[in-house]
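Trainee: Spelled out from the first residue to the last, the chains are:
Number of protein chains: 2
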Amino acid sequence: MVSSLWVTEKHKNTSLSFKVKNILFKERSKYQLVEIFETYDWGKVLMLDGLMMVTEKDEFFYHETIVHVPLSIQPKAKKVLVIGGGDGGTVRELVKYPTVEKIDLVEIDEMVVEASKKFLPSISSNLDNERVSIKFEDAAEFIKKVKPEEYDLIIADSSDPEGFAACLIETEFYEDIKKALSEDGLFIAQSGSPITQKDELRTTWKNLNSVFSYCKVAWSLTPTYPGSWWSFVIAGKKDINNLQHSIHTPPGCRFWKPELLPALLSFPSSIEKVLN
Amino acid sequence: MVSSLWVTEKHKNTSLSFKVKNILFKERSKYQLVEIFETYDWGKVLMLDGLMMVTEKDEFFYHETIVHVPLSIQPKAKKVLVIGGGDGGTVRELVKYPTVEKIDLVEIDEMVVEASKKFLPSISSNLDNERVSIKFEDAAEFIKKVKPEEYDLIIADSSDPEGFAACLIETEFYEDIKKALSEDGLFIAQSGSPITQKDELRTTWKNLNSVFSYCKVAWSLTPTYPGSWWSFVIAGKKDINNLQHSIHTPPGCRFWKPELLPALLSFPSSIEKVLN
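First to last, the sequence lines map onto chains E and P. For the first sequence, this note's numbering begins at 35 and goes up steadily by one. For the second sequence, this note's numbering begins at 35 and goes up steadily by one.
Fair warning: there could be bad hints in the mix.
It does not matter which identical chain is used: a pair holds within one copy or between any two.
When the alpha-carbon atoms are kept at most 30 Å apart in a straight line, the in silico DSSO-like pairs for lysine-lysine are as follows [as the list claims (entries may be wrong)]:
| # | residue 1 | residue 2 |
| --- | --- | --- |
| 1 | K53 | K130 |
| 2 | K307 | K64 |
| 3 | K307 | K151 |
| 4 | K307 | K112 |
| 5 | K53 | K91 |
| 6 | K272 | K136 |
| 7 | K213 | K60 |
| 8 | K291 | K232 |
FYI, nobody ran anything at the bench for these hints, they're computed from the structure.
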């Protein structure tokens with residue numbers, strides 16, 4: 035007998051549905067509903083409060099972009115902080131760099147890490163790497179306690195800025211990020227779809243620019259996210275354009291190549307229009 | 035009273051739905067069901083036999099890629115043939131080049147052109163340009179009558195290769211295309227999603243390589259197509275890598291910039307894996 039179970043990410047005017055083979059995990063944590071489904075087309079899918087976080091078939095676009103773009107711009111980064119990212123995809127890409135010595139991951143929800151470790155090994159397998167320390171804390175609290183200039187790269191791999199994640203695009207948070215960054219350090223954050231989440235991208239950009247002298251937008255794609263076209267904001271204390279870019283290709287990438295960097299930083303006019 | 039009408043593109047294991055404001059057009063032609071909806075999130079949407087062809091909000095990715103990639107590789111093209119493309123998006127991008135002297139569009143279904151002219155002016159408005167001639171014919175028949183070396187660029191902007199469009203990825207069709215191309219000429223065709231339509235891409239690539247000495251794959255995105263990540267095949271009689279690329283940016287592009295070319299031709303390992 036074939037299952038007729040479907041899972042739907044439903045927004046106000048658009049919805050995306052996948053046929054489901056099995057429900058692997060479904061539990062409510064202190065923060066959110068955590069679900070993992072096995073689907074026919076997209077492999078295993080992690081959903082938080084009904085929103086798709088990762089699917090096995092397309093997570094590589096997002097994770098390769100959020101790691102290899104900043105590490106191409108700033109290849110000397112040694113100490114990295116990941117905010118959110120409990121599924122482990124960002125950490126998997128970071129450990130490909132022998133030059134990265136220390137990765138701190140601050141994830142508010144322990145259940146996301148535990149469920150990912152159990153059911154999504156292709157994404158989470160490096161969470162146990164010896165260079166990785168996981169802290170189950172609110173990132174907005176954690177960042178206040180960090181030593182000045184502690185990190186060379188800070189990656190905000192968080193949910194959309196609603197509920198407990200809303201503070202992660204506020205000016206106060208960006209001020210704390212700036213203090214925690216080394217002189218040559220970089221900050222990168224996912225900032226939603228330039229097609230379906232224009233307000234989120236605009237607010238993020240405005241607040242970031244009020245704190246950092248040098249900001250940029252990168253684009254990439256994630257087919258199963260709403261709008262599919264995805265944006266990332268990048269900020270630094272020094273002029274990012276003057277840094278020496280790396281032409282090294284990390285192993286095992288499915289999308290990333292160094293020749294993508296100028297394209298992903300090309301600032302298409304439809305993104306420019308959202309920001310101005 | 036708010037409408038609760040939704041339109042769904044339903045595949046076997048994945049479906050995408052948009053909330054609909056109005057049904058603007060719905061008629062069965064000799065070839066297919068032609069529908070145009072006004073949606074809340076994606077503007078007006080053209081569907082053929084239940085599959086999304088263009089939405090006003092994201093068609094620019096597809097049309098800018100299928101035109102500006104080959105015209106960056108081969109900026110000298112004067113005579114262009116468009117196969118399919120009855121919505122006019124490809125023609126809109128082509129007429130941006132004053133160097134393009136003649137555009138023949140061969141569309142099997144007159145109803146697609148007429149409905150697009152009436153309801154999708156932002157896409158179709160250049161179908162009346164003086165450089166454009168429209169022929170309502172089967173492209174596989176048309177191409178057999180073309181003079182040898184007539185066109186400098188042939189663009190297959192067709193539906194997926196099913197039903198009346200199935201012959202458009204066959205070796206015989208590619209042989210006819212090759213005869214119709216000038217010595218420096220280029221052919222580009224949309225070849226489906228490398229994520230959800232791997233078989234289509236693989237067959238297209240195999241057949242094309244059996245006819246042309248020089249073939250390449252380009253990627254781009256179209257959020258509302260299944261899989262969102264999209265592929266295009268490019269072929270020529272001469273080595274494409276030796277052509278002098280253009281660094282000219284055509285006016286009014288929402289996605290395209292010349293610095294995208296190396297990225298879109300970068301042949302990511304997940305596409306390489308599909309082809310081998």
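Trainee: Under a CA distance limit of 30 Å, which applies to K213 and K60: within one copy, between copies, both, or neither?
Mentor: Neither. Shortest intra-copy (38 Å) and inter-copy (59 Å) distances fail the 30 Å Cα cut-off.
Trainee: Indicate which option fits the pair K307, K64 if close means a Cα-Cα distance not exceeding 30 Å: within, between, both or neither.
Mentor: neither (39 Å within a copy, 41 Å between copies)
Trainee: Pop the pair K307 and K151 into one bin, within, between, both or neither, using alpha-carbon distances up to 30 Å.
Mentor: Cα proximity of K307 and K151: across copies only (27 Å, versus 40 Å in one copy).
Trainee: Please work out whether the CA atoms of K53 and K130 approach to 30 Å or closer within one copy, between two copies, in both situations, or in neither?
Mentor: neither (33 Å within a copy, 43 Å between copies)
Trainee: Go through the copies and call it for K291 and K232: within, between, both or neither, with a Cα cutoff of 30 Å.
Mentor: So K291 and K232 pass the 30 Å test inside a copy (28 Å) and across (21 Å) alike.
Trainee: Between K307 and K112, at a C-alpha cutoff of 30 Å, which is it: within one copy, between copies, both, or neither?
Mentor: For K307 and K112, the Cα distance exceeds 30 Å both inside one copy (36 Å) and across copies (32 Å).
Trainee: Have a look at K53 and K91 and pick one of within, between, both or neither, based on CA distance no larger than 30 Å.
Mentor: Answer is both; intra-copy 14 Å and inter-copy 27 Å each pass.
Trainee: Have a look at K272 and K136 and pick one of within, between, both or neither, based on CA distance no larger than 30 Å.
Mentor: within (22 Å within a copy, 50 Å between copies)
Going through the hint list in order, the structure does not satisfy hints 1, 2, 4, 7.
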